[in-house]
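Asks: Chains as they are written, first to last, in this note's numbering: chain A, 1 to 324; chain B, 1001 to 1296.
Simulated from the structure, these hints should not be mistaken for lab results.
Be aware that one or more of the hints could be misleading.
[To be verified] Result set (SDA-like, lysine to any residue): computed pairs, CA atoms no more than 25 Å apart in a straight line: (1) 1264(B) to 197(A); (2) 1091(B) to 274(A); (3) 1117(B) to 269(A); (4) 312(A) to 1092(B); (5) 1188(B) to 269(A); (6) 312(A) to 1117(B); (7) 1188(B) to 300(A); (8) 1188(B) to 1171(B); (9) 1264(B) to 297(A); (10) 1264(B) to 1014(B); (11) 1264(B) to 127(A); (12) 1188(B) to 133(A); (13) 1264(B) to 269(A); (14) 1117(B) to 297(A); (15) 74(A) to 11(A); (16) 1117(B) to 133(A); (17) 1117(B) to 284(A); (18) 308(A) to 1014(B); (19) 1117(B) to 232(A); (20) 1091(B) to 153(A); (21) 1264(B) to 96(A); (22) 1091(B) to 303(A); (23) 1091(B) to 133(A); (24) 153(A) to 11(A); (25) 1117(B) to 290(A); (26) 1091(B) to 300(A); (27) 1188(B) to 299(A); (28) 308(A) to 1094(B); (29) 1117(B) to 298(A).
[Said to hold, decoys possible] Label-pair ranges, simulated between beta-carbon atoms: (30) 128(A) to 1117(B): 25 to 31 Å; (31) 25(A) to 1080(B): 53 to 59 Å; (32) 196(A) to 1088(B): 49 to 55 Å.
Values in this document were obtained by computation on a predicted structure and should not be read as measured data.
Just so it is clear, CB atoms sit at the ideal spot from N, CA and C, and this is done for glycine as well.
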Amino acid sequence: MKRWVWSLFILALLSALPLVVETQFYLHIFILTFLYASFANSWNLIGGYAGQLSLGHAAFFGIGAYACAIGSVKFGISPFIGLAIGVIIAVLVSAAIGYPCFRLRGPFYTLSTIAFAEVVRLLTLYWRDLTEGAVGILIPFRPGVANLIFSGKVPYYYIGLAMMALSTFLCYHVERSRFGYYLVAVREDEDAAEACGIRSARYKLYAAMISAAIAAVCGVFYVQYMLFIDPEGVFNLNVSIQAALMAIIGGAGTWLGPVIGAALLIPLGEFLRGWLGGAARGLHMAFYGIVLIVVVMVIPQGIVVTVKNLLKTKATRKVEEERR
Amino acid sequence: MISYTFIQVLISGVLLGGIYALISIGLTLIFGVIKVINFAHGEFLMLAMYFAYWMWHYWGVDPYASAVVLAALLFLIGAATQRGIIQPLLKSPASMQIFATVGLSITLQNVALFLWKADYRTIQTAYQASKITIGELAIGYPRLVAFVGATAMTIIIFWFLKNTFTGRAIRAIAQDRMAAMLMGINQKRMYMLAFGLGSACVGVAGGLLMPIYYVFPTVGTYFSLTAFVVVVLGGMGDIRGAWIGGIIIGLVEAISGFYVPALKEAVYFAIFILILLFRPSGILGLGRGFEEVAQE
Chain A
1 MKRWVWSLFI
11 LALLSALPLV
21 VETQFYLHIF
31 ILTFLYASFA
41 NSWNLIGGYA
51 GQLSLGHAAF
61 FGIGAYACAI
71 GSVKFGISPF
81 IGLAIGVIIA
91 VLVSAAIGYP
101 CFRLRGPFYT
111 LSTIAFAEVV
121 RLLTLYWRDL
131 TEGAVGILIP
141 FRPGVANLIF
151 SGKVPYYYIG
161 LAMMALSTFL
171 CYHVERSRFG
181 YYLVAVREDE
191 DAAEACGIRS
201 ARYKLYAAMI
211 SAAIAAVCGV
221 FYVQYMLFID
231 PEGVFNLNVS
241 IQAALMAIIG
251 GAGTWLGPVI
261 GAALLIPLGE
271 FLRGWLGGAA
281 RGLHMAFYGI
291 VLIVVVMVIP
301 QGIVVTVKNL
311 LKTKATRKVE
321 EERR
Chain B
1001 MISYTFIQVL
1011 ISGVLLGGIY
1021 ALISIGLTLI
1031 FGVIKVINFA
1041 HGEFLMLAMY
1051 FAYWMWHYWG
1061 VDPYASAVVL
1071 AALLFLIGAA
1081 TQRGIIQPLL
1091 KSPASMQIFA
1101 TVGLSITLQN
1111 VALFLWKADY
1121 RTIQTAYQAS
1131 KITIGELAIG
1141 YPRLVAFVGA
1151 TAMTIIIFWF
1161 LKNTFTGRAI
1171 RAIAQDRMAA
1181 MLMGINQKRM
1191 YMLAFGLGSA
1201 CVGVAGGLLM
1211 PIYYVFPTVG
1221 TYFSLTAFVV
1231 VVLGGMGDIR
1241 GAWIGGIIIG
1251 LVEAISGFYV
1261 PALKEAVYFA
1271 IFILILLFRP
1281 SGILGLGRGF
1291 EEVAQE
């Protein structure tokens, strides 16, 4: 009950924020945070709960974005239909990668996703008729609900907020569902899970498909917000790694973790980028790399679990003192 | 005439395959012994290539000479990585080890981008354009040297693992960590040695590659993706398989590069998925990583 009250309170606070904050830059940071939190949520389903690390989530993100952009620019399809097509392709592709990998153990899924993202990037560069290659696709600015393009940042803010809230709610729900327990069981001990009758390969596949669908939706949001897309921007390994990084820093396999991770890293990243400037190209990603190593070595469970444990020990300490 | 062209393509494929084999053997050796995939393997290669470049640039050192120095240098870097990052994470889930090496990879890549910019750098040597002609076939001298050097390094590693006491200890600990430790094998030292040796492979490869390739901060990504395919093709942890896999991928690259140049990587990926579907233990069927990782 308490958790609900808190969540609604924070949601209400965030909903009221655009009424107060009018600086476009701050709104932009919030929108990016919502987008990346949703993207990290998508990663969390397969990487966190099911423990199958994807290092190519940018591919699903990019497939959604490109499906929508190509549809609206080249064929004049409504972005809503483009969204549906993107999601379907992403889900099918993720099933095609997952099927051979999830029957096996070991790092095969990680290797496949990393290789797949690279292949999609090269194909996008190659099919110039459809994707404009390295030049990228510019989406003409025609505001309107039917085009899913808006003239101010505020509508994007609310759509982004809704996306984050829904995907977080989905993770929360999964964490408490039979499906979620299956995934965690498979992650912790696949043999034991199989012995309990869980079809591990099948549930990993389901998780990967749901995850790809959410990532594709995030990609559509990205392209409709940026109104521009190019292969380097969406299929970069760094995009995949950022999704994973946020989930891990916040806490992989916890519903709140990715949101916390995004809320920390996106503003920090934007600040660093502004502060270091163009002269220090690369330093901002190098910083992410170092953060990743440090987090893995010092607080591998992520912020959420670590804080929870700290609080728990305090509470337990109190109980112990009272017993004495 | 066409058959000559085709033979030419095959030869250049095998020569290139030798370098792929060497890089992949390093990766598969580390995986076979420590059960960790070093996602920074490609970045180690990038570092080696940059070191070769700078040694040539400032002191005029021939890249083939610097390959020897680079082997030692990369050995140290590899051993330090094992000691500083992997060893503390040995008891963590495999995902944490993956993330640590991924973090290392991003850090190295972007520090290189910061220090040396995104420029493509090449070196010029006197022998660069020279070639050996047999009838109508022409073999580029640097490519031949790269193949011979890579094969020599491969043979040294084989010999070391097979015939020396330390090599035997490494193989023992790869087979069964616990049993080997009970026999008194120093696990920490063997792991550092294995990681160092695996990294020394890319040190040599970096020196050998420099006369035929250019270096830039993300050069490692390309080679490490190739190495992933080779390692899976050869069977994870199987050194002999990796050598054969390297030659096969070199051939595939040369042939597909000849007929469908833009889709080379897509061909790799198709091979990758087919192996996973039909023969996940690799061509020789000796890859044993995939069951063992789950047990750790």
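Asks: Now look at each hint and say whether the structure bears it out.
Replies: Hint check:
| no. | hint | result |
| --- | --- | --- |
| 1 | 1264(B) to 197(A) | 42 Å, violated |
| 2 | 1091(B) to 274(A) | 39 Å, violated |
| 3 | 1117(B) to 269(A) | 20 Å, holds |
| 4 | 312(A) to 1092(B) | 23 Å, holds |
| 5 | 1188(B) to 269(A) | 37 Å, violated |
| 6 | 312(A) to 1117(B) | 48 Å, violated |
| 7 | 1188(B) to 300(A) | 22 Å, holds |
| 8 | 1188(B) to 1171(B) | 14 Å, holds |
| 9 | 1264(B) to 297(A) | 38 Å, violated |
| 10 | 1264(B) to 1014(B) | 16 Å, holds |
| 11 | 1264(B) to 127(A) | 14 Å, holds |
| 12 | 1188(B) to 133(A) | 48 Å, violated |
| 13 | 1264(B) to 269(A) | 35 Å, violated |
| 14 | 1117(B) to 297(A) | 30 Å, violated |
| 15 | 74(A) to 11(A) | 38 Å, violated |
| 16 | 1117(B) to 133(A) | 24 Å, holds |
| 17 | 1117(B) to 284(A) | 14 Å, holds |
| 18 | 308(A) to 1014(B) | 56 Å, violated |
| 19 | 1117(B) to 232(A) | 17 Å, holds |
| 20 | 1091(B) to 153(A) | 47 Å, violated |
| 21 | 1264(B) to 96(A) | 20 Å, holds |
| 22 | 1091(B) to 303(A) | 20 Å, holds |
| 23 | 1091(B) to 133(A) | 45 Å, violated |
| 24 | 153(A) to 11(A) | 18 Å, holds |
| 25 | 1117(B) to 290(A) | 20 Å, holds |
| 26 | 1091(B) to 300(A) | 12 Å, holds |
| 27 | 1188(B) to 299(A) | 23 Å, holds |
| 28 | 308(A) to 1094(B) | 24 Å, holds |
| 29 | 1117(B) to 298(A) | 31 Å, violated |
| 30 | 128(A) to 1117(B): 25 to 31 Å | 28 Å, holds |
| 31 | 25(A) to 1080(B): 53 to 59 Å | 42 Å, violated |
| 32 | 196(A) to 1088(B): 49 to 55 Å | 33 Å, violated |
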